[in-house]
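Protein chains: 2
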Amino acid sequence: MSGENSSTPTSITLPWASDFHCHLRQGAMMETVTPMGRPHGPAMPNLTPPLTTTQMAVDYGKKLQKLAPNVHFILTLYLNPALTPAEIPRLQQPVYPSGVTTNSDWGAMQEANMVLCLHGECPSDAAKGICILNAEERFLATLRELHQAFPKLRIVLEHATTQAAVEHTVGCTITAHHLFIIIDDWAGHPHHFCKPVAKFPHDRDALRERPSALFPWLDSAPHPRSAKQGEKPAAGVFTTPILIPLMATLFDKMECLDKLEGFISTYGRQFYGLPEPIDGTITLVRLPLAVPAAYAVSGSASDGETVVPFMASTEIGWSIAKTE
Amino acid sequence: MSGENSSTPTSITLPWASDFHCHLRQGAMMETVTPMGRPHGPAMPNLTPPLTTTQMAVDYGKKLQKLAPNVHFILTLYLNPALTPAEIPRLQQPVYPSGVTTNSDWGAMQEANMVLCLHGECPSDAAKGICILNAEERFLATLRELHQAFPKLRIVLEHATTQAAVEHTVGCTITAHHLFIIIDDWAGHPHHFCKPVAKFPHDRDALRERPSALFPWLDSAPHPRSAKQGEKPAAGVFTTPILIPLMATLFDKMECLDKLEGFISTYGRQFYGLPEPIDGTITLVRLPLAVPAAYAVSGSASDGETVVPFMASTEIGWSIAKTE
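Just so you know, the sequences run in chain order P and F. My numbering puts the first residue of the first sequence at 5, with every later residue one more than the last. My numbering puts the first residue of the second sequence at 5, with every later residue one more than the last.
The shape of chain P in the complex, shown without the other chains (with noise of 0.2 Å):
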């Protein structure tokens, strides 16, 4: 270690990372992101068609795997009325739920020692006062309710945006731009815009203090620069190539760098309770890496299939050295 602040390192090794929450995608996307990243955790299910059954999980799992051979997927399913309680236990996935659900699911689930991801939003009911900046505080009650009928149940908040979210709920991730971001810098910003939209300074400032109480997903959902600039941009920002430099910048900033590999890695896989990082490691240095404007899209060489980064055009404080 060496450098300007000797307080500090300038360079760190790290387990690979493990992102709990990625969009992988389908097509051009999923062959241009999957290997970018090198993310080791739950793929999510929100294709065409969605994810619901084991043989699907399997299928597209095959195709990961072939554009990143050396990463652990996890594969996830949305719950959805024809995983019955009694096909739950055979099942070797991490669920989303979708639709209806019952006791009986979560009863069969906690059996089967299960991870149940949720993305914690009640539904927006402006008769009800109900709306994107409040929806996720509104559903922490209907958490606690499930915490408590059952106890054991693996829940993950996925997404945490709130103060009110992070201070009363146990197992939650958090998405890398929301440890940046707020409602100011998505406001006029469709390549900022995702769902559940950054909100308050101070919202953004709990989620800062608790890295060691949550495990960071990289929710990183790209979408073409045509979706995103339209009349209706889509939600999800592009984090994927440039998330791990970027905690460490952001850790550095905070003076935590020790808390990084617990943020990046050792939390999230405890919880899962996957077993040790066994895919090499990643060398973090303090010099600026300049994100670029765009990446292309495999396959096509139009503007519109571009996909724009989190910090495009911008410098972030740390960089990959090497990765072994």
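You may find that some hints are simply not true.
The list makes no distinction among identical chains, and a pair is therefore deemed to hold if it is satisfied within one copy or across any two copies.
No more than 27 Å apart at the CA atoms, straight line, and that leaves these computed lysine-lysine pairs for DSS-like [what the hints assert, rightly or not]:
id : residue 1 : residue 2
1  : K70       : K236
2  : K156      : K236
3  : K326      : K263
4  : K326      : K257
5  : K132      : K257
6  : K326      : K70
7  : K132      : K236
I should point out that these hints are in silico values taken from the structure, not numbers from a laboratory.
Dock chain F against the given chain P, drawing on the hints supplied.
Chain F alone, transformed into the frame defined by chain P:
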């Protein structure tokens, strides 16, 4: 009056509306939008360059008058260091503060019985917890201080968006689309993005409950599609061509059509001290109006140069039958 619902009229004739905050732009956009709404009221000074002298305002007014000869325009100025207290009594325009202003300015304005138009938002400052969601509410203390120091100064809090603002100020204007949309509607919809941003359901409800205490500003802020669907969409919602039918539709739904004339004409004219309307009437009928997907801007056939209106490609409940 006739129609299926005998308790409310199916047609209504009113004096022409007076809009108290019109963005009439420059060049081709000015040529397109100025004749559209037949607005009567202050035309905004945020041009390139901004209107900072009486001569500039007079010259701009001549261009507008040529495009809409029968309209009574009120030109506004940015209050700026060149406008000293000694010069203020000579001004004929309402003013918008820009940069540093002093108590002498306010005092001189009060003496001259001028109208002070305020964009009432504190600048966002994350360190102080200020963001676009609470910027208006945070400004109210300043507004109260100003009002207490200069109780006779006619102050308009422009484009109020919050329950706090309409409950704690005397004179404010309201933007048409803020009576319809909340944050959910502009998140992921650049043609609904405007500043101040639309906020919570309870804020919209509060605006709707107080039509008699407010007067509308059209604040129709047109931008070409290319500026709305880029990487950083411009702020502004375009309502000019549908404003009056839109208001009739809402007031009909709220069962207060009897308040429509006050809202779109009388209250604002009284506040500004304008003469009774002399320029004709508008007759509205309860018949569906199909709002086009976009309007072409003069001098261009390019799709990027069209303007997408509020309620594009939908039907609203009332139409203009006749203007005289």
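Verification of the supplied hints:
Taking CA atoms no more than 27 Å apart as the test, K70 paired with K236 passes in neither setting, with 33 Å inside one copy and 37 Å between copies. In this assembly of identical chains, the alpha carbons of K156 and K236 never lie at most 27 Å apart, being 41 Å within a copy and 46 Å across copies at closest. Only within a single protomer do K326 and K263 lie at most 27 Å apart by alpha-carbon distance; the minimum there is 20 Å, versus 70 Å between protomers. In the homo-oligomer, the alpha carbons of K326 and K257 lie at most 27 Å apart inside one protomer (22 Å), although the nearest pairing across protomers, at 64 Å, exceeds that limit.
In the homo-oligomer, the alpha carbons of K132 and K257 lie at most 27 Å apart only across protomers (19 Å), although the nearest pairing inside one protomer, at 40 Å, exceeds that limit. Within a single copy, K326 and K70 get their C-alpha atoms as close as 23 Å, which meets the 27 Å cut-off; across copies the closest is 67 Å, which misses it. Taking identical chains as interchangeable, the C-alpha atoms of K132 and K236 lie at most 27 Å apart only when both belong to the same chain, with a minimum of 25 Å there against 32 Å between chains.
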